[in-house]
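Chemist: Let chain R serve as the given structure and place chain W on it in line with the hints.
Residue numbers (the working numbering), protein chains in the order written: chain R, 1 to 331; chain W, 1 to 421.
Think of the hints as simulated: they come from the structure by calculation, not from any bench. Treat the numbers as computed from the prediction; the structure is a model and nothing was measured. One or more of the hints may lead you astray.
If you want the ones that stay clear, here's a sample from chain R, every Cβ over 10 Å from chain W, calculated [what the hints assert, rightly or not]:
| # | residue |
| --- | --- |
| 1 | 12 |
| 2 | 63 |
| 3 | 70 |
| 4 | 119 |
| 5 | 146 |
| 6 | 149 |
| 7 | 153 |
| 8 | 180 |
| 9 | 188 |
| 10 | 260 |
| 11 | 264 |
| 12 | 275 |
| 13 | 295 |
| 14 | 315 |
DSS-like mimics (lysine-lysine), calculated; alpha carbons at most 30 Å apart, straight line [claimed, not checked]:
| # | chain 1 | residue 1 | chain 2 | residue 2 |
| --- | --- | --- | --- | --- |
| 15 | W | 289 | W | 120 |
| 16 | W | 160 | W | 358 |
| 17 | W | 372 | W | 56 |
| 18 | W | 310 | W | 56 |
| 19 | W | 350 | W | 321 |
| 20 | W | 56 | W | 116 |
| 21 | R | 286 | W | 165 |
| 22 | W | 321 | R | 129 |
| 23 | W | 64 | W | 321 |
| 24 | R | 286 | W | 170 |
| 25 | W | 116 | W | 289 |
| 26 | W | 350 | W | 310 |
| 27 | W | 170 | R | 147 |
| 28 | W | 289 | W | 160 |
| 29 | W | 372 | R | 129 |
| 30 | W | 165 | W | 269 |
| 31 | W | 310 | W | 63 |
| 32 | W | 170 | W | 350 |
| 33 | W | 372 | R | 286 |
| 34 | W | 120 | W | 57 |
| 35 | R | 147 | W | 289 |
| 36 | W | 269 | R | 147 |
| 37 | W | 310 | W | 289 |
| 38 | W | 57 | W | 160 |
We put the CB at the ideal spot given by N, CA and C, even for glycine.
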Amino acid sequence: MVLDILAGFVYSIIVYNIPLLYGTVGEILNEKAGSLNLGVEGTMAVGAIFGYLLGCRTDSLFLGILTAAAAGALCGLLFAFFTVTLQANQNVTGLTVTTLGLGVYYFVAHAVHSRSNWPMMQDCPSIVKGFSEIHIPLLSDIPYIGKAFFSHNLFIYLGIFLAVLVWWYMKHTTAGLRMRAVGENPGAADSCGVNIPRSKYLHITAGCAIMGVGGYYMALHINGEYLASSGWINGYGWIAVALVIFANWNPARAILGTFVFGIFKALEVYAGSIAFAFPALFGWLKAVPPKVFTALPFLITALVLVLSSARRSKKSNQPAAIGVNYYREDR
Amino acid sequence: MKKVLSLFLAVLMLTGVLALVSCGSGGAVDLTVGAVYIGSQTEPAGYTYAHANGIKKAIEALKKEGYNVKLLVRDNVPEEDAAVTEAIDALAGQGCELIFGISFGYLNAFSSAAEKPEYKDIVFSHATGYLSNETNFNNYFGRIYQARYLSGIAAGLKAKANGVKGQDNKYHIGYVSAYGTEYAETCSGINAFTLGVQAILGDEALVHVKTINTWGDPQKEKQAAEALINTYGCVVIGQHCDSAQPQIAAQNAGVFGCGYNSDMTESAKDAHLVAPIWNWDVYYKLAMKTVITDRTAFMEDVGNYYGGLKEGFVDISPVSKNCTSDTQDKVDAVRELIISGEWDVFSNVKLSFDADGKVVRTESALVTNEGKTVISADNSSYYVLNDAGEPVAVEGGASAVDSIIKGSMNYFVAGIEVEND
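Excised from the complex, chain W in its bound form:
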């Protein structure tokens, strides 16, 4: 029995030594990163793919700078606290110093893990959420509304060039959205798109929103786009949902559209204009590099991340051949304004273009489609709507705007028509 045991121990030690040797051959690891995915890490497209691809690109970029990052993944983790905590424990146990969670529902598990004393040296980073702490837990998201504004400009220009108006003498534009005011993310996207359209068409534009109550369902997305075209005579279809079906429906009906998430021109060659897109690798690289260089400075240097056009975190896909010839110039002009910080979408200044294509700024109040003022024309007061739909003044003015766009925006701006809400 003793012989067997000693043999077993010998084999165990040998394998241990071998394992150490094989580890060493990969070069010193500067950082071990953990990632918790909602879908499968090998998915060929979609939300998890976007993040997995972003992390992969960030690691490759860091490698070129001489940093060796090791990635450990737990995928197909459902939005249940027990499952997420288990995934975090496993990643922490394997030595991860930075753990990303990509889905909104991981919020509580990430928050409580960050508070555990044994994990105080690990940085937790949670996408799309709103919780954080001062030492090792942040959230990250992007100003996709800026990209949506730019796509709205492309849509407005196309509608104008197309020239088809409804009986009410307005340009009708459709928008297939996963949800409406329930999520600030969808709500701010629809508003930004509409404001972009209005930069070209002013109050001659009417944006019709159809919500489908799911982030992705190809059948419903297609059907919703068809219904918008068929019912209101929409000439451009914007979207906030996963598939390219709204663009395909637009193409079948001979109208145009703005996709989302990826350049959908390939799916609808004759219809697609531009699509707002995410560059997740921009954030992932920043987060990883900060932890490598100075982990303690993470919350100071990165903090709660809300990158936009300026950081290259969000953008629009290349202007397609279906866009009008002046689209590129006008989009670039507004992009400049946003990147330089001179102007942003949700403000008291409305943009338009003069005959020479120059940007004209006009001070005017931001008003909801129910006629309530959200930002006054003189920029002196900001409001959100409470549950009863009454405007409530917000403390802090401009500094409060980000939190409204991210978390509490629950109204549609004037010029939007929603069917059911």
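This is chain R alone, in the form it adopts within the complex:
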């Protein structure tokens, strides 16, 4: 009984917070190429709405994912065009992408919804099937642990796979090394023959495509129910920006970071249940106001930021040229 609750808690942490991993991995690709993209929230929203609508219209999960990635990539292209080609301020452009993305999300969702031909996910059998849990043979049979870790939908496995893939790409490939050089010192990279604009365009676009898929997951997870009062992304994009710092710009560590942030986020709802399951150990959780759990990930991020800058730690992976546009003639 108690273990059931615990397994449910862990399961819940994973399925509700995996979009953070998509957002974070996408943002790491952006930032490691020297671009601070604050458009995560908007990019995820655009990916979500187009992925959901097109996926449901065609009843194809694959097309939905593809559309979400393409829509996210378009947001990335927009950001890249402004910051790389036109040399616009990255912070302002990123915020603009968020505002624009949320605007597009509400505009499109609203238009479709008020014409009352909103597609219902439950009417799309192949999407429902594609989104259903995949039980990993043998591992999912382990009591409790199987339910918590090895009985998830496609997106959970895909997210972790992508995180590992991006980590490997950054760490072990030449292209990844070049991309990190662009983020650290674009001038030096340029003098070694790295095409800076191309590298930036490529990684921003790819990163934003990943964010778009994360947004699509959020839509599917709530069956695509549209509320005019609150959007689908609901601040996850902003948490992802913070999570990048917490993960120290390491996609593999982002998996752990997502889980840690996820614990706090899940506790907003689950604190009472945990207190009920472990009255002696965690009974005190009942007394903690839920807003504390909402704030904790950000407090921890602030703490990590302060600590790493106070120690001027060599271990910090923050790209040196982050947020700075590169203009060849300025060198």
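Modeler: Same frame as chain R, now just chain W:
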């Protein structure tokens, strides 16, 4: 220069005449109504939609009766006094004789506008608030708790038929609520739902409440419902929040639920029982018609409006196929009692059903889940709890009950378990 000026004036007059002509072609307007919305007037669903749709329906109904009502809207108005006052000024300037404000936070701006001498001929009507005056300012809300009681009956019947009990030999029922005792609205809703459940299950029922601290957040609503099912083994999920996610979570887990605001059967075909719903048009029609016929009688004829099942202002959605076969009859029996005024939810009389399905009334005290008596069994005394949680006697007995339900109810009745409060 003079020529230019005279030409300009001529054009201005011409357009003025044209404007008058075009106005006239729409037929005489019997009433100009203004509405201040918190959201966008074109929203396809949600709180603003519910009100906008209610006003639209009321205007259509009045049109059939031969009244021509013109509506002016200011939407996306935040709950800030300056913004609300500006919206009111604009609507008043355009000739509105009746102005609705739909959000709780418009309270002060509406109250002070009603006191302005230049607006003394305008009627101000504010939803969900508690302020009013004697001449031109009222508030309106509904006895949604009555509908929640009925949904509680449906939930209790389903839990009983389902037969799944916890280790403590009780039926566990969950409730996802935006807030707890901070708002009398949520608090009275949870209590009424629970009393409805107890009409079927008596003290064999335990209602677990999870509060999510927001009126609407699909993710949290779903997660809270899942946690209730997973933690306590809840077999029915009630809700006081915006989305259909608790019902979807119930369906995914193979249990059942009662939605809110709209018939959520479409979102959870195999799980949804009934949902308490609002019919805002009932009030809007009444208010508009009263202002058309006799504006001065508004505070006498309409006053502070608190409509319920009787007025058709609140109701439950049609009983779905997931309900037990006796749900309709039992709900109807209690509905009759409430509509006739013989009985109401927060009283010293508890309802139950005998073997033939007949309603049985038993006198018993209304007790909080901390064991404090709120209404005594002989109906002689009413209490509210003060800040220290001590019962304080209320003057006026039954007549005070409405104000308690609307404004000061801050306790949960016996049979409710809240996680954090």
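Chemist: Are residue 372 of chain W and residue 129 of chain R close enough, with their CA atoms no more than 30 Å apart?
Modeler: violated, 51 Å
Chemist: Can you confirm whether the C-alpha distance between residue 350 of chain W and residue 321 of chain W stays at or below 30 Å?
Modeler: Cα-Cα ~28 Å, so holds.
Chemist: Is residue 70 of chain R truly not at the interface, in the sense that its beta carbon sits beyond 10 Å from all beta carbons of chain W?
Modeler: holds, 25 Å
Chemist: Confirm or reject: residue 149 of chain R is not an interface residue toward chain W, with every Cβ-Cβ distance exceeding 10 Å.
Modeler: The claim stands: residue 149 of chain R keeps its Cβ more than 10 Å from every Cβ of chain W (closest is about 16 Å).
Chemist: Over 10 Å to the closest beta carbon of chain W is the bar; see if residue 119 of chain R clears it.
Modeler: holds, 13 Å
Chemist: Was residue 153 of chain R rightly flagged as not at the interface, with every chain W Cβ beyond 10 Å?
Modeler: holds, 12 Å
Chemist: Under the criterion that the straight-line Cα-Cα distance not exceed 30 Å, is the pair residue 269 of chain W, residue 147 of chain R satisfied?
Modeler: Given pair residue 269 of chain W, residue 147 of chain R holds - Cα atoms ~26 Å apart, limit 30 Å.
Chemist: For residue 286 of chain R and residue 170 of chain W, compute the direct alpha-carbon distance and say whether it is at most 30 Å.
Modeler: Status holds; Cα separation ~23 Å.
Chemist: Sort out whether residue 358 of chain W lies within 30 Å of residue 160 of chain W, counting only the CA atoms.
Modeler: The given pair, whose Cα atoms are some 17 Å apart, holds under the 30 Å limit.
Chemist: Sort out whether residue 56 of chain W lies within 30 Å of residue 372 of chain W, counting only the CA atoms.
Modeler: violated, 45 Å
Chemist: Since residue 315 of chain R was said not to touch the interface, does its Cβ keep a gap of more than 10 Å from each Cβ of chain W?
Modeler: Non-interface label stands for residue 315 of chain R: nearest chain W Cβ at 34 Å, farther than 10 Å.
Chemist: In terms of Cβ atoms, is chain W entirely out of 10 Å range of residue 295 of chain R?
Modeler: holds, 12 Å
In the structure shown, a violation is registered for the earlier hints numbered 1, 12, 17, 23, 28, 29, 35, 38, in ascending order.
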